[in-house]
Amino acid sequence: MTEKIGVYVCHCGTNIAGTVDVAEVRDWAEKRLKGRGVVVARDYKFMCSSLGQELIEKDIKENELTRVVVAACSPHLHEQTFRTACKRGGLNPYLCELVSIREQVSWVHTDQEAATDKAKAVLSGGVERVQHHEPLEPLRVPIHPATLVVGGGIAGIQTALEIADAGKHVYLVERDPSIGGHMAQFDKTFPTLDCSACILTPKMVSAGTHPNITLLTWSEVEKVDGYVGNFVVTIRKKARCVNTELCTGCGICQEKCPKKVIDEIYEAGLGYRKAVYTPFPQAVPKYPVIDKPNCTYFLKGTCKACEKFCPTSAIDFNQEDELITVEVGNIVLATGYDLFDPRRIPHYGYGRLANVFTSLEFERLTNAAGPTNGSIVLRDGKTTPKAVGIVHCVGSRDRNYNNYCSAICCMQSLKFAHLVKERTGATVYNFYIDMRTAAKAYDEFYQRVLEEGTLFVRGRVAEVTDAARLPSEEGKLIIQVEDTLAGKQRRIPVDMVILSAGLQPRFDAKATAKLFGISCSADSWFIEKHPKLDPVATMTEGVFIAGCCAGPKDIPNSVAQGAAAAARVLAHIDEGEIMLEPVRATVIAEKCSGCRICNNLCPFNAILFHEDRMVSEVNAALCQGCGTCVAACPAGAITGTGFSNEQILSQIEGLLMLNIANGRRPVEIAEAVMA
Amino acid sequence: MTHYLFYPGCSMESSAKAYYDSLMAVCKPLGLDLQEINDWNCCGATEYVSISLTPAYALIGRNLALAEQQANGSRTVVAPCSACYLNLAKADYYMRERPVLGEKVNTALAAGGLHYDPGSLVIRHLLDVIINDIGLDKVKEKVTRPLTGLRLAPYLGCMAPRPDYDHRWSNPEYPTELDRLLKVLGAEVIDFPLKTHCCGGHMTQIAPSTAFELIRRLVHAADQYHADLMVTLCPMCQMNVDAFQGEMNNHFHTDYHMPILFFTQLIGLAFGIDPKELGFGKELVSAGPALARIGVEAPAGEKGGEPPRKPKKTDGLPMPRMMEEERLP
Chain Y
329 MTEKIGVYVC HCGTNIAGTV DVAEVRDWAE KRLKGRGVVV ARDYKFMCSS LGQELIEKDI
389 KENELTRVVV AACSPHLHEQ TFRTACKRGG LNPYLCELVS IREQVSWVHT DQEAATDKAK
449 AVLSGGVERV QHHEPLEPLR VPIHPATLVV GGGIAGIQTA LEIADAGKHV YLVERDPSIG
509 GHMAQFDKTF PTLDCSACIL TPKMVSAGTH PNITLLTWSE VEKVDGYVGN FVVTIRKKAR
569 CVNTELCTGC GICQEKCPKK VIDEIYEAGL GYRKAVYTPF PQAVPKYPVI DKPNCTYFLK
629 GTCKACEKFC PTSAIDFNQE DELITVEVGN IVLATGYDLF DPRRIPHYGY GRLANVFTSL
689 EFERLTNAAG PTNGSIVLRD GKTTPKAVGI VHCVGSRDRN YNNYCSAICC MQSLKFAHLV
749 KERTGATVYN FYIDMRTAAK AYDEFYQRVL EEGTLFVRGR VAEVTDAARL PSEEGKLIIQ
809 VEDTLAGKQR RIPVDMVILS AGLQPRFDAK ATAKLFGISC SADSWFIEKH PKLDPVATMT
869 EGVFIAGCCA GPKDIPNSVA QGAAAAARVL AHIDEGEIML EPVRATVIAE KCSGCRICNN
929 LCPFNAILFH EDRMVSEVNA ALCQGCGTCV AACPAGAITG TGFSNEQILS QIEGLLMLNI
989 ANGRRPVEIA EAVMA
Chain F
100 MTHYLFYPGC SMESSAKAYY DSLMAVCKPL GLDLQEINDW NCCGATEYVS ISLTPAYALI
160 GRNLALAEQQ ANGSRTVVAP CSACYLNLAK ADYYMRERPV LGEKVNTALA AGGLHYDPGS
220 LVIRHLLDVI INDIGLDKVK EKVTRPLTGL RLAPYLGCMA PRPDYDHRWS NPEYPTELDR
280 LLKVLGAEVI DFPLKTHCCG GHMTQIAPST AFELIRRLVH AADQYHADLM VTLCPMCQMN
340 VDAFQGEMNN HFHTDYHMPI LFFTQLIGLA FGIDPKELGF GKELVSAGPA LARIGVEAPA
400 GEKGGEPPRK PKKTDGLPMP RMMEEERLP
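Those protein sequences? They're chains Y and F, same order as listed.
With the first letter of the first sequence counted as 1, position 630 gets the number 958 in this note's numbering; the numbers rise by one all the way through.
With the first letter of the second sequence counted as 1, position 45 gets the number 144 in this note's numbering; the numbers rise by one all the way through.
Because the hints were derived from the structure by calculation, they are not lab data.
Incorrect hints may appear among the rest.
Each pair of labels, with its calculated beta carbon distance range [to be verified]:
#: 1; chain 1: Y; residue 1: S849; chain 2: F; residue 2: P198; range: 53 to 59 Å
#: 2; chain 1: F; residue 1: H102; chain 2: Y; residue 2: R818; range: 48 to 54 Å
#: 3; chain 1: Y; residue 1: I593; chain 2: F; residue 2: K237; range: 38 to 44 Å
#: 4; chain 1: F; residue 1: G380; chain 2: Y; residue 2: G803; range: 52 to 58 Å
#: 5; chain 1: F; residue 1: P198; chain 2: Y; residue 2: D669; range: 35 to 41 Å
#: 6; chain 1: F; residue 1: K239; chain 2: Y; residue 2: R788; range: 37 to 43 Å
#: 7; chain 1: Y; residue 1: N731; chain 2: F; residue 2: K237; range: 48 to 54 Å
#: 8; chain 1: F; residue 1: Y192; chain 2: Y; residue 2: G803; range: 54 to 60 Å
#: 9; chain 1: Y; residue 1: T342; chain 2: F; residue 2: P198; range: 38 to 44 Å
#: 10; chain 1: Y; residue 1: T576; chain 2: F; residue 2: K239; range: 32 to 38 Å
Computed, partial: chain Y to chain F, Cβ under 7 Å [what the hints assert, rightly or not]:
#: 11; residue: R671
#: 12; residue: P674
#: 13; residue: R680
#: 14; residue: T793
#: 15; residue: S800
#: 16; residue: G803
Some residues of chain F that are not near chain Y, with every Cβ distance over 10 Å (derived) [as the list claims (entries may be wrong)]:
#: 17; residue: P198
#: 18; residue: L235
#: 19; residue: R244
#: 20; residue: C257
#: 21; residue: D265
#: 22; residue: R279
#: 23; residue: L293
#: 24; residue: H319
#: 25; residue: A320
#: 26; residue: Q323
#: 27; residue: M338
#: 28; residue: G387
All C-beta atoms in this analysis are idealised placements derived from N, C-alpha and C, irrespective of residue type, glycine included.
With the rest of the complex left out, here is chain F (with noise of 0.2 Å):
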């Protein structure tokens, strides 16, 4: 078994719990054993560090310390979402780089009795680890069900390859290390001209039309590619083209139905292990009919790529939620 501090972030709890179940059921066949950071709080996610520099630092630099407090054996923290991966890494380079910065925000940390020596610590994503540490051979040693007959396109988005702070990618413009891996699973990879283009972040919520391109483009070139399914390492992504994919269609009036999900979900379905663990069929955008042609069958997507429905609006007044929330402990 090989040790690592794990960080699982904010979405892998909701929106991306496909995610994290995958993750949960692939740890044992690989080894890895993830020891999760006691305490740990948001990343600030990819607005923080745009609107105050110093306090976005000081949050993200509270997981760090937390991290370093609890390193036992692994100084290496994992992160498997993109953006937590990201900021981690980020706030770690730069508190090393800018002395002032570090300084600054340790002095904040100290308020709550903690400390972090930027360098300490060796941030890498989650799909780092099972390329270089775990490696390819191990991998496919556990391969039970081959993907084969499963054509897909490997979607790393923009946020884990760049900035390469430590140069942990074999090319941060054009990684392949998601190609390498879905293809020991045995799958058909295709050579996907959009693996870093952005998914459109937080622009679904800003200003939509531009984020809805931003997945179009995404989407149509997949699918020009004849790819069945998309996979992802990042849940921002995954929720971009999945959940806005309904959105984006009655935007362009267009029909596609592209599935998109994680690769922990393709490495236990290589695995064998039971697709119900898995997390699959809590994507909007099934993938059932794609799995089915390889014979496997996933619980199916319910809703089939439908915009979600907005709430009705209803008369009166909301209720009120404060009490409540205070006398939560």
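If we strip away everything but chain Y, and leave its shape as in the complex, we get (with noise of 0.2 Å):
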């Protein structure tokens, strides 16, 4: 045994000391695997303390250590700590390995004397695996100083121009006609009710004329290359069938068009639009597009009469979609959401019943610039509803459809209140199961509604239906609904329902990911680095997420994540390189037999094919060392950089052959920790 060994033992307080003798472990350590290499053995209250990192520094030193195991937490919480330790020692960091007698041994025991046999055998594991270590450097990317926003929404809008800001180019992808995402079609933004628009549309302009930003809308990402610092990305440039460059935005085309279609994007279903337009007056950027698959020259080969009042001659009805291709070194998705369909919970009535409304479509109502210029009336577009109920939670914390909370329905439902109340005179009716109100300024504007008078109901809603039980009800829409603080069943007689929806992910949230490289929870919400203490990372390095793409989110948190997000970037950019782990997987041309089994399982895009030579390679810097390949490889043809055969299984040997003190066989460990 040619390596030096140095073995410490963390109490973690009473975490790790309470349920295992770390004494014992200590020890067992320091005479039993003297053979195996061990030359000090250590226990310590705190490991992770400066004091304890000092022990491993000192013996490294002085007793010149040429390996280092720590038995302790999880790799998750503290193996940078200790290889930072290593390194200031003066040993190679990747020459440490950090068992887990934590995690695995003594939060999930309660026999003390197994779970110190099992420590034992884990520590073992770790001291058979740390010889095969190899010294590692991390590997050191460039970083392209561009930056790639996808959606523009408020996040979107926010994490652009703080980039575009700090003086780095950032290329700015929406798919609809113009920025602005769904605030931009609110009336007013709870709690502090300022008017949705006049505080986006200086955002919305900022970001459509500053020098940094290119702004692609009408535009999807098709494909994407490369790895953290130089990513190279295809869009695709859909046909406006105008021409920008021409285009003055006079808004003549759309006066013009005589094809009137329902908008279900921006007027959420409630009002129409023309074959040729901008969503709405302040789009940015102006230049309308057409919408072939309604226009009538794209139907019927006749038509043209945008073409023909156009004063610039912008119009061209021969324009190709077009593909660029741009390099970046960062990518920040903010994709947003998609509302709930209440279509899905029929018995609510929402396409069935004319007078019941979804929270986006009351949005639009309620909004000067919607179809009814902001006054609140039924679906008839001229009768003044005297009563009013609004359903909580529709979608949300409902085990038949998503479970989790929509976070933002609470306070929307607050504002409609509101609202209703201030425009109609009428009497409005919440209906919810508990209110949320947890942010700044949030629960004051809720005591706000509960003094104008709004009626809340705690229940959850039963059905809506036109059936009427009594005269009174009679052309009415009746809620019925379990009153649980009264403790009753309570049937509400009122001319207009509106369901607060939740919020859901993107319909193509799945193929998105996939396309980035990000992995999504069950629900499909991207998923965080971590989620509390990094938010706003992915586990692909150098793609951030920001907004709700990665769950629902009211505005200020929003542009919290999109200004985080903006900040991690301008950091990476200004490290001008970033040092990546070495833990890699790499292919062994010898050995490849070509078969291709590991270019499609491979969750982060990292392998490519040589046609030419017929094998596979792994491309270093994507590589997020996984260890997916290394498995699956028929031909054992790819190996992991610190997850070699040799490591792997020298630690299952330590494990199994547990130089273990009395004799007690890994099985009747095994059965003891388990008893």
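These two chains come separately, so use the hints to put the complex back together.
Structure below.
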């Protein structure tokens, strides 16, 4: 045994020492693992403290350690800490191994003796493994200073502006004809009730005119190649059929277009637009698009009214989709959300009963630029409701649909209640399960709405029906609900029902995640690197997420995330290059049969195939070291740095052969800890 | 022909004879081959499960065990009655979910030399089979006399769609299967808001005024929508709305005449089968006037929604009947 190994057993206060006899483990390692190269073994109350780390540094220097094994918590938490301690002591940081005797031993077992034996086994595995570690150097890759932001809602706009203001270039890609996102559809924002357009449009204009922002609306990302620092992104610019060099945005084409279409996106199906259109007056950019599937010219070959009347001859029916390629160093996804479709809850009547509205429809109703110029009326377009019911948690907190809370619905419903009250004087009922108004000035707004006389009924609505039981219910919508505070069933007749529908991931979120090589939760929300401590990064280096694509959020949170993502990107750019973990897979070309099984399995699209030589190769910068390909390769042609067969097998051997003290076989220990 | 095991249930032999007759009449054109489970017994209806769980499940389990024995090619049991369907599905589900219950039931069954492996059969409602196995296209092909001009209120009641143990319905709160089927027959189908509401079940026996209110809601809503007929798939619902409509009218001083038929009767009608074979005329609130509107001459209901007459009390003692019953083989 040529290696000199130092072993450190952490008490973690009582977290480990409460269940595992750490002194015993230390003594055992000192005596029994001597023959396996252990020259020093210590236990300490908190290995992660500066004093604990200094122990390691000192031993490396004084005892000339060549390997270090720390038995403590999960590598997720402190691997970096101990690697850095080794580095300070003059040892290559990758010659350190952290084995978990907390998450995998003390926290999950109660039998002290058995847990102590298991801790020994785990430690023994680490000692065997560490001997096969090799000194590694982190990979360094340069960072391209441009950034791609996908999604032009408020989160994406904020990200783009922050980065552009710092002097770096941004490509802002938006699928719709204009940026603005859902926020552009709203009339007022809670809790301050300031006008949504008034606070959003200045930002939209800045994004549209900023010298550092290339705005690509009516465009979608088609392909992403490369890796952090060096992404090559292919973007499809869909044919606008409007020459933006010539167009002045005068709007005559929209005026003259004879084809009226229901606007399912911006007007939420409640209003109309033309076949050539800008979705709303403040749209950025100002250039309209021609909606080919609905345009009379594309359907029948005649019309061309827009072309005839355009004063600058900007209409170009022959325009075709254009593919452009951009190089960027970082990507921020801010792709937003879709509204839950309340048609999935037929007993709430949406789509069956005329005067049941979704929350987005109601936003358009109240919007001064909306189909009714802001007057709150029934579906007939003229009758002002005398009683309005607002149903919370539609499609949220419901195990039939989505288990999660959509976070914004309570405040949004309070805002609706206030607006209805203010503009119509109608009686307003809110049907809620719990009121969740936990942010700055939110609960004060709730108090205000309470004082305005809105009625609150606590209980999930059972159904919305037009089947009247009593003469007083004739012609009304009746809300059947269990009032859980009064312990009563109630039937409340109203004229209008607003369903506060929950937020859902975009319908194509899974495909988007795959395109950018990040992961989705079972619900399809994008997964952050750490839900608390790293909320805007993803497991894929150089790809960040912001806003509702990672889960339901209100405007302040979306903006904060957009800015946070920008800060992370700017830090990368500022550094100029990025260090990557050297834990990577490599293909041994001589052994590779070219079967390509690994190509499709790689979740990070890191494996490319050389057609000429018929071998696969791992792109080290793209590889995240997950090991999927290593396990899958039928020829055993792929090895993982830090996870070589030698390392894994010797760790298993260490666990099993166990150098274990009282002669208990591994099976017996397993039985004891399971009991 | 598609083969199924068939559990008719008690009511098909008595109160829902029209359902049975019409089902038998449409089997052939639909290509349904129903093989009746030999020696089946009552499913316990809605009462037994709430009184004593294990015996109730054993009662149902016996039918499942018999069906499993008889399973030959098909492992699907079809029940036309909502209560039967729900009970069979419920027993199968809970025997699967709670192995202890499964063991208890099987211990009971073992006394009769029977055994049931939970999950080995597929329990389905007749409507589900017609919609999803036979398909609306096939039904449409066979329509020779479309029900054009008839306004129908599709009424499923609560037991067929809920609880939806194995996700068989489009939406257990608001299923559209019956609506779609009736549309294919050419009828005008209203979006009946109370389609899955309770008919009162056996409350007619325990607390009639409660049941009357529930029946009133159904009939009133169908009437408000100007439905000619209500159409159901449940013998219990049919009986409550039909047989108790007169008493309900007396109770509320109303005068509704809302006929209610089984969906198989309407399928048969649309297929051009003689109404006599389809059990028309057995309903108490006559569907005759409604059907006459589309030129169908159906045997009229005889009692026209009158409350059933109570037998007159006579003097004297009742006849002894025990001996006679004992003499029966």
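Each hint tested on the structure:
Checked against the given bound of 53 to 59 Å, the beta carbons of S849(Y) and P198(F), roughly 32 Å apart, lie outside it. Under the hint 48 to 54 Å, the C-beta atoms of H102(F) and R818(Y), about 50 Å apart, fit the expected range. Between I593(Y) and K237(F) the Cβ separation comes to about 39 Å, which falls inside the hinted range of 38 to 44 Å. Under the hint 52 to 58 Å, the C-beta atoms of G380(F) and G803(Y), about 37 Å apart, miss the expected range.
Roughly 39 Å separates the CB atoms of P198(F) and D669(Y), a value that falls within the hinted 35 to 41 Å. Our hint of 37 to 43 Å for K239(F) and R788(Y) holds, since their Cβ atoms are close to 39 Å apart. The given range of 48 to 54 Å is broken by N731(Y) and K237(F), whose C-beta atoms sit roughly 39 Å from each other. Distance hint for Y192(F) and G803(Y): a CB-CB separation of about 42 Å, inconsistent with the stated range 54 to 60 Å.
At roughly 40 Å, the beta carbons of T342(Y) and P198(F) sit within the given window of 38 to 44 Å. Taking 32 to 38 Å as the suggested C-beta distance range, the pair T576(Y) and K239(F) does not conform, at roughly 56 Å. Contact between R671(Y) and chain F, as hinted, is not supported at the beta carbon level, the nearest pair being about 10 Å apart and thus beyond 7 Å. Because the closest C-beta pair between P674(Y) and chain F is about 3 Å apart, less than 7 Å, the hint holds.
Because the smallest distance between the Cβ of R680(Y) and any Cβ of chain F comes to about 6 Å, under 7 Å, the interface hint for this residue holds. Hint on T793(Y) holds. Least Cβ distance to chain F is approximately 4 Å, under the 7 Å limit. Taking 7 Å as the C-beta cut-off, the interface hint given for S800(Y) is violated, the closest approach to chain F being about 14 Å. The criterion of a C-beta within 7 Å of any C-beta in chain F is not met by G803(Y), whose closest approach is roughly 10 Å, and the hint is violated.
Listed as a non-interface residue, P198(F) keeps its Cβ farther than 10 Å from every Cβ of chain Y; the least gap is roughly 22 Å. Annotated as non-interface, L235(F) keeps its C-beta farther than 10 Å from every C-beta of chain Y; the closest such distance is 19 Å. With a cut of 10 Å on Cβ distances, R244(F) stays outside the contact zone with chain Y, its closest approach being about 30 Å. In this structure C257(F) is separated from chain Y by more than 10 Å, as the shortest Cβ-Cβ distance comes to about 13 Å.
Listed as outside the interface, D265(F) is consistent with that label: its C-beta sits roughly 15 Å from the nearest C-beta of chain Y, beyond the 10 Å cut-off. For R279(F), the condition that its CB be more than 10 Å from all CB atoms of chain Y holds, with the nearest at approximately 13 Å. Residue-level check failed: L293(F) sits 5 Å from the nearest beta carbon of chain Y, not beyond 10 Å. For H319(F), the requirement that its beta carbon stay farther than 10 Å from each beta carbon of chain Y is not met, with the minimum near 7 Å.
Distance to chain Y contradicts A320(F) as a non-interface residue, since its nearest Cβ pair spans about 4 Å, not more than 10 Å. At the 10 Å boundary, the C-beta of Q323(F) falls inside the reach of chain Y, the nearest C-beta of that chain being 7 Å off. Against chain Y, the non-interface label of M338(F) holds: every CB pair exceeds 10 Å, the least being about 22 Å. Non-interface status of G387(F) relative to chain Y is upheld: no Cβ of that chain comes within 10 Å, the nearest being about 27 Å off.
The structure is inconsistent with the numbered hints 1, 4, 7, 8, 10, 11, 15, 16, 23, 24, 25, 26, although it conforms to all the rest.
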